[in-house]
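> Chains A and W are the protein sequences, given in the same order. Counting with the numbering used here, you get residues 19 to 185 for the letters of the first sequence. Counting with the numbering used here, you get residues 115 to 468 for the letters of the second sequence.
You may find that some hints are simply not true.
Unchecked claim - In silico lysine-lysine, BS3-like type, Cα no more than 25 Å apart, as pairs: (1) K161(A) <-> K164(W); (2) K337(W) <-> K99(A); (3) K401(W) <-> K172(A).
Claimed, not checked - Covered stretches of chain W (chain A as the covering partner; in silico rule of three or more C-beta atoms under 8 Å from a C-beta of chain A): (4) 122 to 128; (5) 300 to 308.
Hints in this document: simulated from the structure, not taken from any laboratory. Beta carbons: idealized from backbone N, C-alpha and C, even for Gly.
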Amino acid sequence: MHLMASKPQALTSTGPMRAFAANSKKVTTELIEINEDLMGFNQYLTEYYKQLAGSWEVAQKKVNLKAPEVPQDVEQIEAFKRIWIDIFDNDFTELFDSKKFGENYGKLVSKELELTKHWNNITNVVLQSVNLPSKEEIDEVYKELHSLKKRVGKLELQLKKKELAKK
Amino acid sequence: MNSESRIDPKIIEEVLKFSKNVIDAPKLVSAPDEISLEVTPHDTVHELDKTRLLRYRSLTEKQHKTPLLISYALINRYHILDIQPEKSWVRNLLLQGFDVYMLDWGTPTSMDKYLDFDDYVNGYLDSAVEHIKNESSTEKISLQGYCTGGTIATAYAALHPKSVKNYVATAPVIDGWRDTTVISNLAKHMDVDKMVDTIGNMPPEFMYYCFSVLKPFEQGIEKYVKFFKNIDNKKFVDNFLRVEKWLGDTPPIPGELFKQWIKDIYQDNLLIQNKMYVGGEHIDLKKIDMPTFTQIAVGDHLVSPECSMPLHYAIGSEDKTLRMYPTGHVGMIASSLSQKKVLPELGKWLAERS
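One chain only, chain W, in its complex shape (with noise of 0.2 Å):
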């Protein structure tokens, strides 16, 4: 009896491979500082305190009359919306004809731990709104929401129906006892009231301990041995890099906002209810009577289908859509399927309305 283990040589070929594409890697990759996220060529048209409004250049020659502003989520950065060109959620819009606008929360300092969702809501946001009205002589604008951008737009929609012609809410976070995600379990947990207290804003680095506990093993081993792996492949590494990059760079969240949103949408979960008050004015969802685009992703493992879907059937619109993607919460917004499927019925929803 042969009792000598034997070792496919292919498995010592794959490892002494993987050795030298880790060796190799400091020669092929680029450093992060020398990783441009800006893509799609864009002019600052407009800036309140540290916010910017974003004006991106039209690619087509006939545009749609009314202009869409996309609030973006208050962690990270809009960078991801135009990551790179070929899965670009702003390039796609533009290429439909839109005139895309982007509203850059920029980077909170200590001094603005009491911005609250009022400076958001009817500061920032409603300034912005403003701002294109007066640019592009229109009377209302499209806004699209996305993520905790979308509790914003949400908010926004239902205190200024006047100014929004079309809403799309795009894995908004609204019902907050709904979510079935780590994220809403720790936040239904924490004592935000001493945190905010005691350090202010809230810092990037609690939010990248919050990401750490999404799929820890799939996001830190396997997605860095797929990386090491496929080193020689020039695409894939742009690619993750300028991922990493984005998911690397997240700005503080003032403090009075994070309270506020931490207890009226995890903790007290009033917003859906009907109960929450911005800057002192209710916020009904019955008074969002727009037309409104709800978008999901099935997968998604920040914000739980369970927590956006209840928009659908709180509004008091009667021109309503509901659509769910077989993807996750980044993958619907930039990624092939987003370009196939997401963004055309989307287009096709908003050029009609438009």
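Bound conformation, chain A alone (with noise of 0.2 Å):
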């Protein structure tokens, strides 16, 4: 009666809830981080859509310059659309070739992994509360496999060449 009355947490603690409740500061940690990644991925996504949007003004100049005349006829359209494609395939790939795109790309790529890593953290929460394993432990199995199918292949080759050099 007094391990029923004064522990009731122990009722629970088979079920998920406790150990939800458990880590449920972590998964508060985790939001609170993924807000702050939010703002810096904004910013860098607000730069990737300036930048495209600069070099699309810029190559729309070109082409007004090079071609000022509305086309009149079928050949005259297929010779502005050459230009145009042109231009902008060239000014585009000067964007995506210069170090100010990479940069801004790599930065970009980069807080959107951190959102990911938020995510994985939060369902890990999830996972460890009904008692799956986390990322990290599936990824120990992996690695794990992988080194073990390593060695077995090695011993493999080397007992072949074992049973060649018999022959």
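Two chains, two separate frames, one set of hints: put the complex together.
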């Protein structure tokens, strides 16, 4: 009676809610950090679109200079289209090839990965609450499996060589 | 003065025709699932994990003694080398009397995230080479590496020169610092450690993004305009759909392999400096002493000529040939130019040494 009355939490010790509640602080922390990273992500995303829009504007001005007249027939439309595509492809390739684009894109992807990490951490809390292995634990199994396969492969090769030498 | 603007009736005609083609397209075009990319008959002769070694059935009575193994790229699949009979790299080589094998890297899953360069070079590729040597009772084989498959094959040729009689490097990724493509710019600014630690394998969607920034307007607009304009041309449509299906099917790249590839090739450029290690073994390009044929496409916007060419000068071989072709990355292996120029030259070179 004493145990039943004084430790009510023992009643829920095998259910998911107790494990989840124990780690709920971690979920909250992750959510707060997600918001911070989301701000950084949006900053780089804005820069990404700004760079695209800037290149578009410059390219369009170049097209207007090179082909100021409105095309009047099919041949002219075709020629205009060629000019438009060539200038846009050149200018955008120049952008994608630039250090400023590469750096911003790298940071954008990096922030996206930070968000994924937080999401993984939240998922791990949920997984652990139902006694399922976390991503890290599954990765450990994969790593072990990979290492074992490699060792087996090398041993098989050595065995094969020995057999060949015997022949 | 006449202020009315006149529209050329031909323009209206063109617009109407184009609209009709767009509407008719679903009736005229096969669904991707209905298109089979398996063209030239072949058999799976060896399997290891998810990789398969394919052997194409001979099309000639007599064959050259030395078999040829193709190490295809890690991006997209080997089908582009056999995309249709008239443009098939494989078929052309078969008709020239070569015994052709292809290594299909398969589709890695999450559990393959720890596969690295060592597994690909000293595991899968080596296992395939050993199988071919046994099957054909030869001491050495001819090896061809295309694109990133060229990086793997180069590492293999340097580590296992005794197994390679002839080496063919087709647009190989070698010197990352000299590469002038958009891909290399993205790769250089990538936090690849964080990427692989967080998501494991490199997902196909990331690859698709990288492709989308290559000639975005030509590839994103003009290509499809041409497609709808030629919707009545069965041959054009068939070829277009085959290439599109191939483009849209790229397997994930194992995380550790991707990490080493980006770091050692694009970021630290170790391979060309003879500083790269695979499975603890030093890759010394001077050890590539077998006859070597390097093929480069001048208009390659995926692997720039400056990235591939240094291989020719870095290897130890005395019998080496460098050929440059006025085409692109895919044009070099699947076009009429490849059939008329690239393959006959390769065939002649290989035949003299096989």
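> Hint by hint, note whether the structure agrees.
Here is how each hint holds up against the structure:
no.: 1; hint: K161(A) <-> K164(W); in the structure: 17 Å, holds
no.: 2; hint: K337(W) <-> K99(A); in the structure: 13 Å, holds
no.: 3; hint: K401(W) <-> K172(A); in the structure: 23 Å, holds
no.: 4; hint: 122 to 128; in the structure: holds (count 4)
no.: 5; hint: 300 to 308; in the structure: holds (count 6)
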